[in-house]
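Residue numbers (our numbering), protein chains in the order written: chain A, 1 to 155; chain B, 156 to 513.
Among the clues, some could well be false.
[As the list claims (entries may be wrong)] As a list, the in silico SDA-like pairs of lysine to any residue whose alpha-carbon atoms are at most 20 Å apart:
#1 B/K176 - A/E48
#2 B/K258 - A/E48
#3 B/K258 - A/S30
#4 A/K56 - B/R222
#5 A/K56 - B/S461
#6 A/K56 - B/P259
#7 B/K258 - A/R60
#8 B/K176 - A/S30
#9 B/K258 - A/P97
#10 B/K176 - A/P97
#11 B/K258 - A/N37
#12 B/K176 - A/D45
#13 B/K176 - A/L44
#14 B/K176 - A/R60
#15 B/K290 - A/E48
Derived by calculation from the structure, the hints in this document are not laboratory data.
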Amino acid sequence: MMTPDQSVVDLITAQAATPEGESDWTAPASNVPLELNELLARCLDNVEFAQRLLGKFADRFEGDLETLEQASRAGDSESMARVAHRMKGAAANIAAPPLQRISARLEEFGRSREGAEAAEWIERLRCEWRRFVEYRGTLPQPLAAKASSPGTDGE
Amino acid sequence: MRILVVEDSEVEASLLQYSLKEFGYDVTVADGGVEAYELIRTGLYRLVVSDWEMPGMTGVELCRRIRQRRAGGYIYIILITSRTDAGSVVEGLNAGADDFISKPFDAHELSVRLRAAQRLLSLESRDVTIFSLAKLAESRDPETGAHLERMREYCRILAERLAQREKFRDQVDGEYVQLIYLTSPLHDIGKVGVPDRVLLKPGPLNDEEFEVMKRHTIVGGQTLEASASAHPEAQFLHMARDIAWTHHEKYDGSGYPKGLAGDEIPLCGRIVAVADVYDALTTKRVYKEAFSHDRARSIILDGRGSHFDPDVVEAFLEGEPQFLAVRERFEAEEPPRSSEPALPSEQLSRPRELAASV
């Protein structure tokens, strides 16, 4: 039986060796839903903390996605830009490049008040979010999504 | 050390908090600029790491509010931002930010930048402590006003002038100028050992009282010698010691406490001698009125080669406009100039004797 850390190491090795996946919405380069080695580096190689951080991210991103959709429907560009900015930052911090790129695009739409195109990109973001969730489900414990586990992230 | 993290994103705040705690910092998180500013007002935080874009009060606005405060010591502010264009950098620096880190942040880069911040803050603590000690030593004498503030400006001017001369180029560099600015206020720290009956006497000192007063050079020099010996790496202590010991020595060897002459007197002592006498002459004291710049100039010129190092007098002459500018800046604390009696230069060594000749 593999230890959690060893399974993570194996996964990182496997991820580096296999071709990146495809997406209808994003450029081929750097299309992995989650750059696991980068996330672990940010978490100073603390796998448990990385897992808790992913949990916080997941909880928040889902809520922000709904807020984004509401703002788009209401034509509230300012709120859209603000929420998309936050989502972009969070995705960058947990090393989810596709989510980061699409959120960045939505932030631009919000700032330039190009609401018409925003709806399509919000749909892209939701698709990419589903892809992220699925991908996270394939990760070994302790990084896979757990039913519920409030964390104490060094606080 | 305490750090205040200002970040409205839960994910980023968690990551920052975790990383900084791993690096040994005591971390508090504020979820926006408004909460952060209230925490700043507690006076507990000298280091702030803040996001730029936040609802309510942005990181840049927080910078401005912090810099507008006059209370407390310096607060080092690092902004975390994805903005890398020159305009944003200028905006952040204008608002008072000290450094930037790009998003997403690299934990090790942040750690290195925070260590640099701590070094800067430790220097500020040292400078504040030194000046506070000097002010404490002066505090018993209500006449001195902004004497220390003017003194260090005069010493800086003299040192900068000397730095331009070939003879002193090796010795007087930028660091020397900074050190003398920092340590010249400590020249009279030995006065803590002078009793009130002598220090605060409104009239001329008799011989016995003058001997007591002269001991302030020995007390100050010995005290700083002990500190300098304990901390040989602390250059500022060595200069402070030299200044305390020698600022009443005279170029011709007729000064005190040791009767050093010429180059036996450290340059810093020779510089402070001119600055100290100039300030004593041009400000009102309990034993004399303030003299004009021209009168003080005349007295200093009379003392060239006897009391004062000719090179330092030359530097004084070159720096006269700057001396006058310093006087003007502090003029609000100075009384009007008086009429100008004749004063033999030997009375410079016993300034209270000036009162008898007015």
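Hint consistency between B/K258 and A/R60 [alpha-carbon to alpha-carbon, up to 20 Å]:
Roughly 19 Å separates the two Cα atoms, so the pair holds.
Restraint check for A/K56 with B/R222, where alpha carbons must lie at most 20 Å apart:
34 Å, violated
So if I understand the rule, the pair passes when the alpha-carbon distance is 20 Å or less; does B/K176 with A/P97 pass?
27 Å, violated
What's the verdict on B/K258 and A/E48, does the C-alpha distance respect the 20 Å limit or exceed it?
23 Å, violated
Verify the proposed pairing of B/K176 with A/L44, using a straight-line Cα cut of 20 Å.
11 Å, holds
Hinted pair B/K258 and A/N37, Cα distance within 20 Å:
18 Å, holds
Given the proposed pairing of B/K176 with A/R60, does the C-alpha separation stay at or below 20 Å?
23 Å, violated
For the pair we were handed, B/K290 and A/E48, check the Cα-Cα distance against 20 Å.
Given pair B/K290, A/E48 is violated - Cα atoms ~54 Å apart, limit 20 Å.
Does A/E48 sit within 20 Å of B/K176, going by the straight-line distance between their CA atoms?
Judged against 20 Å, a Cα distance of about 16 Å means the pair holds.
A/K56 and B/P259: Cα distance at most 20 Å?
17 Å, holds
Hint consistency between B/K176 and A/S30 [alpha-carbon to alpha-carbon, up to 20 Å]:
31 Å, violated
Has the given pair, B/K258 with A/S30, been kept, meaning a C-alpha gap of at most 20 Å?
18 Å, holds
The structure is inconsistent with the numbered hints 2, 4, 5, 8, 10, 14, 15, although it conforms to all the rest.
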